[in-house]
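Chains as they are written, first to last, in the numbering used here: chain A, 1 to 162; chain B, 1 to 708.
Mixed in with the good hints there might be a few duds.
[To be verified] Which residues of chain A face chain B? A few of them, derived with a C-beta cut under 10 Å, are:
id	residue
1	P23
2	C46
3	A48
4	V57
5	E83
6	L108
7	S124
8	D131
9	R136
10	I143
[Stated by the list, open to error] Computed footprint of chain A on chain B, listed as stretches where at least three residues anywhere in the stretch have a Cβ under 8 Å from a Cβ of chain A:
id	segment
11	163-176
12	383-393
Please keep in mind that the hints were generated in silico from the structure rather than gathered at the bench. Note that the coordinates shown come from a computational prediction; the quantities given were computed from them, not determined experimentally. From the three backbone atoms N, C-alpha and C, an ideal C-beta is built for every residue, glycine too.
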Amino acid sequence: MPEDFTLSVNGRAQSVRCDRETPLLYVLRNDLGLLGSRFGCGLGLCGACNVLLDDRVVQSCDTPIWTVGSSDVTTVEALGTAEEPGVLQQSFIDHQAAQCGFCMSGILVSATALLRRSPDADESEIRSALDGNLCRCGSHNRIVRAVLASRRATSASDGAAR
Amino acid sequence: MTATSTGPAQSPSLAANPRLADWLTFAADGTVIVHTGKVELGQGILTALTQIVADELDVSPARIRIAAASTNDAPDEGYTSGSLSVQHSGAALRQVCAEVRVACRAAAAAVMGIDADELTPVDGVFSSPAASVSYWQLPTAALLDRTTDGQADAKAPSAYRYVGSSEPRIDLPAKLTGTPCYLGDLVLPAQLHARVVRPASRGATLIEAPTVRVEALDGVHRVVRQGDFLAVVGDREETAIRGAQLLADDAYWDETDTLPDEATLSAFLHEAPHQTETLFESGNEPADCETAHRVTAVFSRPYLAHGSIGTSTAIARWDAGVLQVWTSSQGIYHLRSAIARALDLDDSAIVVQHVESAGCYGHNGADDAAFDAALLAHAIPGRPIRVVWSRQDELGWSPLGPAMRVHIDAATDSDGRVCSWHHEIWSNGHTSRPGPNASPGLLGHAHQQRIDFPPALDPPLPRGGGSGRNGVAGYSFARQLVRTHRLTTMPLRTSAMRALGAHLNVFAIESVMDDLAAAAGRDPLEFRLAHLDDARGRRVLQLAAERGGWGTAGPAPGVERGIGYARYKGVGAYCAVIAEVEALDDVRVRRLTIVADVGGVINPDGVINQIEGGAIQSMSWTLKERIRFDRRRITSDTWESYPIVTFSEVPEVDVVVVPSRDPSVGAGEASVGPTAAALGNALAAVVGVRVRELPLNRDAIVRAIQAE
Numbered sequence: 001m002p003e004d005f006t007l008s009v010n011g012r013a014q015s016v017r018c019d020r021e022t023p024l025l026y027v028l029r030n031d032l033g034l035l036g037s038r039f040g041c042g043l044g045l046c047g048a049c050n051v052l053l054d055d056r057v058v059q060s061c062d063t064p065i066w067t068v069g070s071s072d073v074t075t076v077e078a079l080g081t082a083e084e085p086g087v088l089q090q091s092f093i094d095h096q097a098a099q100c101g102f103c104m105s106g107i108l109v110s111a112t113a114l115l116r117r118s119p120d121a122d123e124s125e126i127r128s129a130l131d132g133n134l135c136r137c138g139s140h141n142r143i144v145r146a147v148l149a150s151r152r153a154t155s156a157s158d159g160a161a162r
Numbered sequence: 001m002t003a004t005s006t007g008p009a010q011s012p013s014l015a016a017n018p019r020l021a022d023w024l025t026f027a028a029d030g031t032v033i034v035h036t037g038k039v040e041l042g043q044g045i046l047t048a049l050t051q052i053v054a055d056e057l058d059v060s061p062a063r064i065r066i067a068a069a070s071t072n073d074a075p076d077e078g079y080t081s082g083s084l085s086v087q088h089s090g091a092a093l094r095q096v097c098a099e100v101r102v103a104c105r106a107a108a109a110a111v112m113g114i115d116a117d118e119l120t121p122v123d124g125v126f127s128s129p130a131a132s133v134s135y136w137q138l139p140t141a142a143l144l145d146r147t148t149d150g151q152a153d154a155k156a157p158s159a160y161r162y163v164g165s166s167e168p169r170i171d172l173p174a175k176l177t178g179t180p181c182y183l184g185d186l187v188l189p190a191q192l193h194a195r196v197v198r199p200a201s202r203g204a205t206l207i208e209a210p211t212v213r214v215e216a217l218d219g220v221h222r223v224v225r226q227g228d229f230l231a232v233v234g235d236r237e238e239t240a241i242r243g244a245q246l247l248a249d250d251a252y253w254d255e256t257d258t259l260p261d262e263a264t265l266s267a268f269l270h271e272a273p274h275q276t277e278t279l280f281e282s283g284n285e286p287a288d289c290e291t292a293h294r295v296t297a298v299f300s301r302p303y304l305a306h307g308s309i310g311t312s313t314a315i316a317r318w319d320a321g322v323l324q325v326w327t328s329s330q331g332i333y334h335l336r337s338a339i340a341r342a343l344d345l346d347d348s349a350i351v352v353q354h355v356e357s358a359g360c361y362g363h364n365g366a367d368d369a370a371f372d373a374a375l376l377a378h379a380i381p382g383r384p385i386r387v388v389w390s391r392q393d394e395l396g397w398s399p400l401g402p403a404m405r406v407h408i409d410a411a412t413d414s415d416g417r418v419c420s421w422h423h424e425i426w427s428n429g430h431t432s433r434p435g436p437n438a439s440p441g442l443l444g445h446a447h448q449q450r451i452d453f454p455p456a457l458d459p460p461l462p463r464g465g466g467s468g469r470n471g472v473a474g475y476s477f478a479r480q481l482v483r484t485h486r487l488t489t490m491p492l493r494t495s496a497m498r499a500l501g502a503h504l505n506v507f508a509i510e511s512v513m514d515d516l517a518a519a520a521g522r523d524p525l526e527f528r529l530a531h532l533d534d535a536r537g538r539r540v541l542q543l544a545a546e547r548g549g550w551g552t553a554g555p556a557p558g559v560e561r562g563i564g565y566a567r568y569k570g571v572g573a574y575c576a577v578i579a580e581v582e583a584l585d586d587v588r589v590r591r592l593t594i595v596a597d598v599g600g601v602i603n604p605d606g607v608i609n610q611i612e613g614g615a616i617q618s619m620s621w622t623l624k625e626r627i628r629f630d631r632r633r634i635t636s637d638t639w640e641s642y643p644i645v646t647f648s649e650v651p652e653v654d655v656v657v658v659p660s661r662d663p664s665v666g667a668g669e670a671s672v673g674p675t676a677a678a679l680g681n682a683l684a685a686v687v688g689v690r691v692r693e694l695p696l697n698r699d700a701i702v703r704a705i706q707a708e
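Please put together the full structure from these sequences, using the hints given.
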């Protein structure tokens with residue numbers, strides 16, 4: 001049975017009508033047109049769909065819409081745009097830290113959450129924080145270098161707010 | 001391979017598509033539209049091609065647009081595979097652009113009434129002190145309406161401005177900011193969402209598919225059943241998913257055991273019906289090959305999954321007698337023929353358009369998904385049908401990298417030289433790509449028609465080989481015999497996956513080289529160099545050894561080094577790897593040092609990225625990965641049951657690409673075999689026994705110790 005839900009996504013109130021078990025990922029992509037969070041496994045095991053609920057990283061493919069409640073949803077779209085990338089995104093571009101790029105939205109979200117709670121995170125903390133994000137192309141080390149290099153800049157400006 | 005000229009004969013792509021206008025269009029907005037049949041798979045090819053075009057035309061990269069490949073207007077370049085895109089498309093574009101530059105220069109000079117030799121374009125504009133004419137002011141449509149004549153000379157490398165420099169990838173800003181850019185992000189008006197319900201197991205036949213519960217779901221548009229092909233089409237994505245779950249739960253299948261016993265897979269490969277071919281034979285065993293030392297060994301790898309982070313996806317629409325398909329296939333023209341055969345349509349009624357998707361490392365489910373969408377669109381005219389595979393179907397039903405078994409029997413003489421080398425390979429074929437074959441080679445078609453796939457084949461050795469890829473050792477041995485035994489039965493569908501047979505063949509060859517060296521009390525590096533005449537091969541080995549600390553004490557107690565080397569396909573890139581490995585509760589890699597020679601480099605950073613990515617993926621296969629199955633189905637169908645390497649497990653990787661003026665060869669697959677080999681050799685040094693069964697995990701080590 002479809003129900004009405006009101007969400008706060010990237011600072012904007014949004015209304016959707018859907019079944020209460022609908023994964024947040026499909027609401028973001030198909031109802032709100034936020035296509036940056038990507039489907040990878042549907043089981044919360046790869047991180048391609050990662051978003052923030054307040055400051056917590058969740059797998060949006062595995063998060064029913066009814067559990068979101070009044071939490072603020074932050075997606076990769078809030079971190080910057082291709083024309084005006086956020087600090088963390090710019091660091092990824094500077095390091096050419098991607099191959100196919102499909103896993104990147106989730107990785108950027110995970111890294112943003114890490115740097116918010118731990119602005120001085122060292123390499124091993126960064127790797128641990130990204131262990132829930134799978135990358136098949138083998139761009140791991142570039143990604144870690146990009147996060148390391150962005151640490152001070154990101155915490156100073158807060159990645160999410162750019 | 002000694003040719004350095006860039007005549008048209010060098011690129012098969014140009015030979016097949018000789019008309020200049022098929023490759024380039026000068027658009028009214030001051031841009032150059034490049035048409036290529038090669039597609040972006042995450043490897044950065046579009047950036048590399050942009051650099052080549054920019055240099056050869058003297059146009060800034062910002063003016064260059066690469067058109068999405070479509071069967072409407074792209075040159076037919078076969079598949080984007082085998083690390084051949086720079087050799088094929090790059091060489092073709094280089095020649096085409098050189099001819100266009102020369103022709104346009106002459107035309108501009110005629111307009112300006114001066115000698116063409118006085119003109120050099122700057123960002124597309126030919127200028128003299130008196131006047132200037134740009135490409136866009138010339139009648140390029142007429143000038144390009146001819147076939148290549150091979151007359152114009154491409155630039156000398158010393159004149160390159162963009163080629164050879166690490167230009168940033170043109171596609172990354174979008175991909176790093178969540179901008180819609182993948183096939184799954186394509187939204188067409190009035191599209192419907194579909195999910196396919198695969199058979200309950202391999203070879204299962206559908207008895208009954210009750211649809212009562214599915215059709216009662218709000219928003220279910222249609223249940224499609226054709227033969228054993230079942231799908232649910234809904235207005236919303238989650239409706240299609242829920243409907244497919246219900247349908248799968250309610251369907252009855254007749255199932256039988258069709259798969260071999262996983263526990264004895266290597267023995268199955270050895271005993272299954274097969275076709276034997278002598279791949280290579282050279283020399284005679286010297287009479288005095290009285291075998292100072294002999295090594296006889298059996299190596300194996302399991303089936304492997306592509307494991308792209310995105311799942312196979314497609315959209316199709318059947319409207320007014322035209323089937324439009326959006327796909328991430330590696331071969332749009334071949335896919336079009338296969339769909340045409342499968343749906344009994346003319347090629348001319350189908351347009352196949354490439355859209356990028358997640359990383360592609362070979363023949364994955366992309367073509368199958370395209371057929372799923374095509375079949376459903378054909379059944380539901382007028383609406384775009386979007387198909388996205390589940391992760392379980394991706395890991396459970398995509399074509400697999402074949403399981404393999406290799407025997408090597410080798411001996412050294414009293415001088416410590418290899419006098420006899422005999423390499424035998426058992427494997428399913430490494431290609432079953434769709435195309436204009438008797439069988440279209442598409443999963444949904446096989447289910448719809450209730451037919452089996454014909455066993456996969458191997459490309460012939462001159463095209464790189466399949467099972468036998470890198471089966472011929474690049475060392476000088478007095479006697480070498482290599483035979484393949486390609487299975488003529490195919491319990492699990494196999495096809496091309498990055499590096500094909502080179503993964504296990506190089507692992508096996510390099511393991512035996514180490515064992516022979518050890519038996520003779522020789523250093524593994526020195527033993528290889530003593531059997532390697534090729535100067536470029538020697539150079540990468542020596543540089544890797546130097547950089548990787550070969551011959552010095554390990555970085556820590558319990559950490560050992562191993563070495564691995566190969567020239568990809570015997571004619572491609574040279575690559576040497578030094579691995580540092582320790583064995584704690586499991587095998588742990590500390591560092592990989594890699595030196596590669598890929599000939600002339602278009603984009604150094606792009607090559608480093610590809611070499612490193614290939615090494616990390618190979619490390620994941622070699623240490624962790626194994627398709628699991630029971631007698632009926634693949635059971636490793638999630639990331640929990642099919643784990644791949646994680647961030648914390650990835651070691652430091654140091655990649656050096658040596659400068660070279662030799663012809664460009666691909667980089668994407670070169671590091672796969674040597675990395676596996678270096679890991680195996682380092683592990684043998686750490687644990688003191690040779691582990692010959694992949695993956696090199698704790699279980700395999702224990703079995704190797706017990707067998708010792």
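Hints versus structure:
1. P23: holds (7 Å)
2. C46: holds (6 Å)
3. A48: Holds. Min distance 6 Å.
4. V57: This hint is violated: V57 (chain A) lies away from chain B, its Cβ roughly 14 Å from the closest one there, beyond 10 Å.
5. E83: holds (8 Å)
6. L108: Where the cut-off is 10 Å and the nearest Cβ of chain B is about 7 Å from L108 (chain A), the hint holds.
7. S124: Holds - the Cβ of S124 (chain A) comes within 10 Å of chain B, reaching about 8 Å at its closest.
8. D131: Result: holds, 5 Å to nearest chain B Cβ.
9. R136: Because about 5 Å separates R136 (chain A) from the closest Cβ in chain B, which is inside the 10 Å limit, the hint holds.
10. I143: holds (8 Å)
11. 163-176: holds (count 9)
12. 383-393: holds (count 3)
Taken one by one, the earlier hints fail for this structure only at number 4.
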